[in-house]
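> Since the structure of chain A is already known, use the hints to place chain B on it.
As a plain string of letters, each chain reads:
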Amino acid sequence: KAGVTQTPRYLIKTRGQQVTLSCSPISGHRSVSWYQQTPGQGLQFLFEYFSETQRNKGNFPGRFSGRQFSNSRSEMNVSTLELGDSALYLCASSFQPGQGAGYKAEAFFGQGTRLTVV
Amino acid sequence: GDSVTQMEGPVTLSEEAFLTINCTYTATGYPSLFWYVQYPGEGLQLLLKATKADDKGSNKGFEATYRKETTSFHLEKGSVQVSDSAVYFCALSSPPRGGGGNKLTFGTGTQLKVEL
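Protein chains in written order, with my numbering: chain A, 1 to 118; chain B, 1 to 116.
These are calculated hints, taken from the structure and not from any lab test. Given the structure is predicted, the values throughout are model-derived calculations rather than measurements. Take these hints with a grain of salt, some might be off.
DSS-like mimics (lysine-lysine), calculated; alpha carbons at most 30 Å apart, straight line [unchecked claim]: (1) B/68 with B/56; (2) B/77 with B/113; (3) B/68 with A/104; (4) A/104 with B/77; (5) B/56 with A/104; (6) A/104 with B/60; (7) B/77 with B/52; (8) B/60 with B/77; (9) B/52 with B/68; (10) B/77 with B/56; (11) A/13 with A/57; (12) B/52 with A/104; (13) A/104 with A/57; (14) A/57 with B/52; (15) B/60 with B/113; (16) B/56 with B/113; (17) B/68 with A/57.
Here are some chain B residues pointing at chain A (derived, C-beta under 7 Å) [as the list claims (entries may be wrong)]: (18) 32; (19) 51; (20) 95; (21) 102; (22) 106.
No residue lacks a Cβ here, since even glycine has one placed at the ideal position from N, Cα and C.
Next comes chain A alone, as it looks inside the complex:
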């Protein structure tokens, strides 16, 4: 079974540009979450999508957005990049065992996209 695939693995962008990151979840997983990892702030939750709907959102500015497609693949977009957006962006997928039981499910992480803003 293929794991979670994130593309690209590395990106270098200039301040003010925008960027789109892609995540393909494990087959059969309909929940996809995104996390930002930085040395200073650690791992922070960005948002979660389930069946093309955003269910949860973290405390990030509106420049950070995402979407999910009917095949569960997800993209996140960051507009007007700032130096502080440099981070490892991790995508995780999980199987939802039943209504309201998603919090018990294991999240499977991709290798991440390393974004550097210069």
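This is chain B only, laid out in the frame that chain A set:
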């Protein structure tokens, strides 16, 4: 809101030493608790989990017990190996207020280095 506190690293041990990484949490209700491990250049992998009080999660010689009374989920291993060198994250996921939801709240991570 939810939060996780874990011991600061880095932790340096000799091979075959006993490992404890402390983790305490704050959450409403009864969260699920997880330990994830991150090897250099990689994403996170689930090491073990526990979904209710007094549950013990175990995997690859690592263990952690969900202690509701002390709000703790300490990670232990009796004999560490060089290959255990990695960053370990304690995390929780709380029952959603609305429908569904799968948000993880992580601790700051503890870097473990095991030397021969």
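> Compare the structure with each hint and give your call.
Structure-based check of each hint:
At roughly 12 Å between alpha-carbon atoms, residue 68 of chain B and residue 56 of chain B fall within 30 Å of each other, so this suggested pair holds. For the hint linking residue 77 of chain B to residue 113 of chain B, the alpha-carbon distance of about 14 Å falls within 30 Å, and the restraint holds. A C-alpha spacing of about 16 Å is found between residue 68 of chain B and residue 104 of chain A, which places the hinted pair at or below 30 Å, so the restraint holds. Only pairs whose Cα atoms come within 30 Å are accepted, and residue 104 of chain A paired with residue 77 of chain B is accepted, the gap being roughly 23 Å.
The hinted pair formed by residue 56 of chain B and residue 104 of chain A meets the criterion: a straight-line CA distance of about 14 Å does not exceed 30 Å. The hinted pair formed by residue 104 of chain A and residue 60 of chain B meets the criterion: a straight-line CA distance of about 21 Å does not exceed 30 Å. Straight-line distance between C-alpha atoms of residue 77 of chain B and residue 52 of chain B comes to about 21 Å, which keeps the hinted pair within the 30 Å bound. Of the supplied pair hints, the one linking residue 60 of chain B and residue 77 of chain B holds, its CA atoms being roughly 9 Å apart against a limit of 30 Å.
Taken as a hint, the residue 52 of chain B and residue 68 of chain B pair is honoured in the structure, with Cα atoms around 8 Å apart against an allowance of 30 Å. At most 30 Å may separate the alpha-carbon atoms for a hinted pair to count; residue 77 of chain B and residue 56 of chain B meet this at roughly 13 Å. This hinted pair checks out: residue 13 of chain A and residue 57 of chain A have alpha carbons roughly 25 Å apart, not beyond 30 Å. As the CA atoms of residue 52 of chain B and residue 104 of chain A are separated by approximately 9 Å, the hinted pair is consistent with the 30 Å bound.
A distance of roughly 19 Å separates the Cα atoms of residue 104 of chain A and residue 57 of chain A; the hinted pair therefore holds under the 30 Å criterion. The straight-line distance between the Cα atoms of residue 57 of chain A and residue 52 of chain B is roughly 25 Å, inside the 30 Å bound, and the hint therefore holds. Between the alpha carbons of residue 60 of chain B and residue 113 of chain B the distance comes to roughly 17 Å, so the proposed pair stays at or under 30 Å and holds. Between residue 56 of chain B and residue 113 of chain B the CA atoms are separated by roughly 25 Å; this keeps the pair inside 30 Å, and the hint holds.
With a CA separation close to 27 Å, the supplied pair residue 68 of chain B and residue 57 of chain A stays within the 30 Å bound. Look at residue 32 of chain B: its Cβ gets to within about 5 Å of chain A, closer than 7 Å, so that hint holds up. This hint holds: residue 51 of chain B has a C-beta 5 Å from the nearest C-beta of chain A, less than the 7 Å allowed. The restraint placing residue 95 of chain B at the interface with chain A holds, with a minimum CB-CB distance near 5 Å, inside the 7 Å limit.
Taking 7 Å as the C-beta cut-off, the interface hint given for residue 102 of chain B holds, the closest approach to chain A being about 4 Å. At a threshold of 7 Å, the smallest CB-CB gap from residue 106 of chain B to chain A is about 4 Å, leaving the interface hint in force.
Every hint, counting from the list given before, is met by this structure.
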